[in-house]
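Number of protein chains: 2
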Amino acid sequence: MRILSVALLAALSSSVYAVEGMWQPHQLKALAEDIEAKGLALDPQKIGDLQSHPLNAVVGLGFCTASFVSPTGLVVTNHHCAYGTIQYNSKPERNLLRDGFLAKTFGEELPGEPNARVYVTESITDVSSKLRKGLPDGAKNGLARFRAIDERQKALVKDCEKAGGYRCDVYVFHGGASYFLVKLMEIRDVRLVYNPTEAVGKFGGDTDNWIWPRHTGDFSFLRAYVGPDGKPADYSTSNVPYRPKSFLKISQTGVSDGDFVMIAGYPGRTNRYRLSDEVNDAISFTYPTQIARVREILDVIASNSKDRPDAAIKYAATVASLNNGLKNFEGNRDGFAKFDAVALKQNEEQKILAWAEKNKPAGVTAYRDLKALITEVRATRERDQILGYLNQSGITTTARTLYRINIEREKPDAKREYGFQTRDEARIEGGLRQLDKRWDPKVDRALMEYVLNRYLMLPETQRVPELDRWLGVNGSENQLKSKLDSLFAQSKLGDLDTRLQLFRAGRKAIESASDPALQMAVALMPATLRIEQENKTRAGRETMLRPVWMDTRIAYASSIGKQVYPDANNSLRVTYGNVMGYAPKDGLQMLPFTYLEGIVEKHTGSGEFDATKAQLDVISAKRFGPYSSRTPTGTQSVPVNFLSDLDITGGNSGSPTLNSKGELVGLAFDGNYEAISSGWVFNPKLTRTIHVDSRYMLWLMDEVDQADNLLKEMVLEQ
Amino acid sequence: MRILSVALLAALSSSVYAVEGMWQPHQLKALAEDIEAKGLALDPQKIGDLQSHPLNAVVGLGFCTASFVSPTGLVVTNHHCAYGTIQYNSKPERNLLRDGFLAKTFGEELPGEPNARVYVTESITDVSSKLRKGLPDGAKNGLARFRAIDERQKALVKDCEKAGGYRCDVYVFHGGASYFLVKLMEIRDVRLVYNPTEAVGKFGGDTDNWIWPRHTGDFSFLRAYVGPDGKPADYSTSNVPYRPKSFLKISQTGVSDGDFVMIAGYPGRTNRYRLSDEVNDAISFTYPTQIARVREILDVIASNSKDRPDAAIKYAATVASLNNGLKNFEGNRDGFAKFDAVALKQNEEQKILAWAEKNKPAGVTAYRDLKALITEVRATRERDQILGYLNQSGITTTARTLYRINIEREKPDAKREYGFQTRDEARIEGGLRQLDKRWDPKVDRALMEYVLNRYLMLPETQRVPELDRWLGVNGSENQLKSKLDSLFAQSKLGDLDTRLQLFRAGRKAIESASDPALQMAVALMPATLRIEQENKTRAGRETMLRPVWMDTRIAYASSIGKQVYPDANNSLRVTYGNVMGYAPKDGLQMLPFTYLEGIVEKHTGSGEFDATKAQLDVISAKRFGPYSSRTPTGTQSVPVNFLSDLDITGGNSGSPTLNSKGELVGLAFDGNYEAISSGWVFNPKLTRTIHVDSRYMLWLMDEVDQADNLLKEMVLEQ
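Chains as they are written, first to last, in the working numbering: chain A, 617 to 1334; chain B, 617 to 1334.
Derived from the structure by calculation, the hints contain no laboratory data.
Among the clues, some could well be false.
To be verified - When the alpha-carbon atoms are kept at most 25 Å apart in a straight line, the in silico DSS-like pairs for lysine-lysine are as follows:
#1 B/K847 / A/K1201
#2 A/K1229 / B/K954
#3 B/K943 / A/K818
#4 B/K1301 / A/K1201
#5 B/K943 / A/K954
#6 A/K1201 / B/K662
#7 A/K954 / B/K1097
#8 B/K943 / A/K1229
#9 A/K1201 / B/K1108
#10 A/K1201 / B/K1097
#11 A/K1238 / B/K1238
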């Protein structure tokens, strides 16, 4: 069976199926012929130019993608990307999440949540030579190599951010084969302009998350504001709408099955070039154990917040996030069950190795050494997983953060640990302030007890001496209980003022504190730093090996006339392809479009499928405006969501979907369930991107929500 | 929402969607134009002729349909229709169910199970005038009217069966608007010729039951044998293969999406012309309560056969049957949840009544009186449901049957209760013999206790005095327990010889017996007979009303140029239409064909999805023979199952599916889940028949099972 499936998949990848590839903009020139063949009507040589339309209309939100859609800084993104800002402005007496919101004038627009940002890409500079040349030998001293790279990155970032108003970061490609310095203008005054009701924007809720057929109106509008001088500024009534270099026109006629579409956006992370051994570890260890642990953690939270609505509310976001992660882990598990990903990867590696033997022998050595490194990591993977969960506990993490920031603050900024530099302090302080909202001592204690009990099950070889000592020699469950009793009885970290005072108290004060949570953090810090250093040493070695192996892969691909795109790393990418349904199994066809009538079908009148009467009435009256098209049964209706074979991942949410003329025909907001495991192995037959259709957006704004001012502000294309 | 759905459904029923209709063969002439429009290439005027090809090749098996496919009596039907005979011939050392069976010569063919029959339709005679004229007035004396009809039917049957070798029955159409006497030649020597492995014939098991996409090879071959004189005879080695008047040719090229198909067969029962009140009762009472009761009964069986494999095996068939029923009840519930069937029916009735006011006022009165009758039935529906379950208990039913047959045997045959006549005695005796195989005292006792406890919950008004007396006045649970203790401790009905002796013991012997199960039967018989008589009285009244209402419906339909087919009643019907997929919901399309690769996709290597290595190897090697066609992805493969919009129900299983030239292109074996509630209201958008494709049958026989002898015996058409 397994062999057969691999053969099938291999056959498919050479056929007409979906186009894998999250391309760096500069790579697009080399793909011009293919892009034109897929249907682009613009000049494929220019499409990758950051300074030109349409790419210069695409912006980041930090965790999502968005785009300018008017000359006065109007931004469109997903409803779930604007969620924080909508929630921030919602009150019991004015519930914008539930009821939707429309500012009829600029003056009615509402301030974004404190961390709301719009990032406009200013430049992307190849700094590979600055990062790769003259480094210490990682095989001999991995740590020195790691530190050298780290210092060079920090120096580049510091220099780049000097001017103010910019956020810079060095992005690592192919595990270190190349580095790019990205300079982003950081717009800090971002306001809420329009969001549909939650019944539209989150229609289907968690049930429909990752699911096709889909009927979610996952879109909202924000506006970027800058100071009167045109530069980023904090929120102020004297700020003015930002005037972007360009903006996208909205298509009123949308796309049809088979049409060309492309997406520019900021995909977060993929693992497409991981070795077969790493894929094997993910399948045989990571996902199964994570699924088991997360389920147990959810049980612990549920049983300890039962009949305690206050605690339940505090952990609601954590539970939602754990459930989201669980669905992802399960999606990976289910995806991997459909074919032999390890054999597929091994097959691929054998081809590359056979070629490298003759043409690039260094690649063969790097491959072998990488495998050895992977084997090393396995030795403590159970420990590392458990410690990871311990670090998610409220009080432990708070104590460790407080200690660490005070340690790091003693160093010059450039030497401080990544995440604990001056530029990070505001974010850390924000976290300390918000602990109260998502922390309950009873739940936290139960979680710590669960995690530490799992820790005690580890074999001797994986135990951490410092933690063993803290727990008491040969720590039994009973000692653990009394340890936690006193920790939770005596710690004052639940108090906001105490936390804020400790934030700037200095290293000495923490080390001499009597708070048992802080004492635990102090006791464990040597272990944390030791493990961190081991990881850095290994990472330093990896920066010797992974780039060589990736250079080999790229050279091999080049020898057979193929381009290699890098794994996603939050940097700007372009993916292109076509509107396309798929066959999840024999006899079943997922059609590429859904329509308004599907909302009526799913509507139950409560919970996640509770369309508004206003919307149902307009559907029932068939008031489709100029936004309808012909459905498969020959009737007319407005398309709601559509599928394409584009290659996206988390971070791409909100990305504008462009047609062959570069007009906005929708927004990417999800993948199908089968796409989850495509983070590791792209299955062209089953991987699909889900878009909200521009016609649905326009129809809703026009016929249901009367957002005439926005329709007038934007440029609509027939 | 509900209103909207009704409007939608109404719109659909006048569109191009599926063709509702289980037509009596004689009705087809009037439909000739429509049949030709759908694509029939034969003469539509002749297609309904019982004595001609293809209808005279279609036969009944009693509970399924089948057809002759060779000049020497070869019969093809579903695997699940031949199941009893395959099981009958299976032994641990030669498991034909698991391993399949192929007789390479006539001599190797195996005897059918004792009740295996092939019924060849000899004639269908309209006897309506004999049944409807000069009957007592049902409004005054329902019982007299019922008895008069009953006696006339029995007389017709007796006269018809006089010759011997025939089975005759009077079939009631439209609740008594017309009656037809059907004369069937009853072939009693039916042998097993070929069945695929269970991994093919039952692929997907209960999981895939009622499910599309489907990949089940639900077909098997039998052969009809007669005495050397050509007349039906008991099994004998001197019997010879029956030579049918005609037989079907098998298509090797099959059908494509949209092609004409038709089916002739014996659908069991539908409720398409029930009044809106009856539909309402089914939705609000029957299905919900049946679902609850059946689940409870399944729990009782499970908990009382736990860790008792012997008991579990004895109740395996009962559990399978209950689960099958449960899926049906749930399918009805789920189907009815999708639209407002009651409003749809009311709407239909209002139109007919409005027309009848002017044209056929008797219909208005009949409708009103029928509604009153339905209200009467409601008064005891909880009681009737409970008594129904009591009648399914092993020992109670056995005792009641033994008493009843001895009572009935005292009457002249024509006066005996239907089901207890001379012609029924062999079947009753067979049941008594087989009790051991499906009866366990502990489980039976628990079931009786469950049912009687439910009985005790009935309101006073629905209690049965005789049963109350038997249980002890104000029967409490404790009295019930001791009553059952002594019944199960003392009854000897678990003993086969005792049962057989009592079968012919005579009424007096039963009435004076000391066996507590018999004493219970004797004590309750007056109640049974009284309720039976009440039901007959009501049935007699109904035969006054239902035909008038149906005559009105037919006249109304005729006034708008439409034919009316009768509800299914186990008599021969023809349904025609086209190969067609469906859209179960917006964005999802069920394709009309499945292919071999779908078997590989579903194969898990165990349980219900455990394809044989032999089959997988042939698929993997793409040895498709001349049976492949182009799949939706452009590859070649062998179609396994397909969908059509034909109108079938239980009893149609095994029906030959014919193409436009009358060649066999498949066998009907199931409906989709959405089709279950079509027993009440035909939803043309969602109701589909599932067929096994003739190409899959031929491919399997040719490439996997080497059934060359059968391929040679049959006539294959290109």
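Here is how each hint holds up against the structure:
The straight-line distance between the Cα atoms of B/K847 and A/K1201 is roughly 50 Å, outside the 25 Å bound, and the hint therefore fails. Simply put, A/K1229 and B/K954 have alpha-carbon atoms about 19 Å apart, close enough for the 25 Å limit, and the pair holds. Restraint check: the Cα-Cα separation between B/K943 and A/K818 comes to about 33 Å, which exceeds 25 Å; the hinted pair is violated. The hinted pair formed by B/K1301 and A/K1201 meets the criterion: a straight-line CA distance of about 22 Å does not exceed 25 Å.
This hinted pair does not check out: B/K943 and A/K954 have alpha carbons roughly 29 Å apart, beyond 25 Å. Among the hinted pairs, A/K1201 with B/K662 is inconsistent with the structure: their alpha-carbon atoms are about 42 Å apart, more than 25 Å. Using a Cα cut-off of 25 Å, the hinted pair A/K954 and B/K1097 is violated, with the two alpha carbons roughly 54 Å apart. For the hint linking B/K943 to A/K1229, the alpha-carbon distance of about 34 Å lies beyond 25 Å, and the restraint is violated.
At roughly 56 Å between alpha-carbon atoms, A/K1201 and B/K1108 are farther apart than 25 Å, so this suggested pair is violated. At roughly 53 Å between alpha-carbon atoms, A/K1201 and B/K1097 are farther apart than 25 Å, so this suggested pair is violated. Restraint check for A/K1238 and B/K1238: the C-alpha separation of about 50 Å exceeds 25 Å, so the hint is violated.
In this structure, the hints that do not hold are numbers 1, 3, 5, 6, 7, 8, 9, 10, 11, in rising order.
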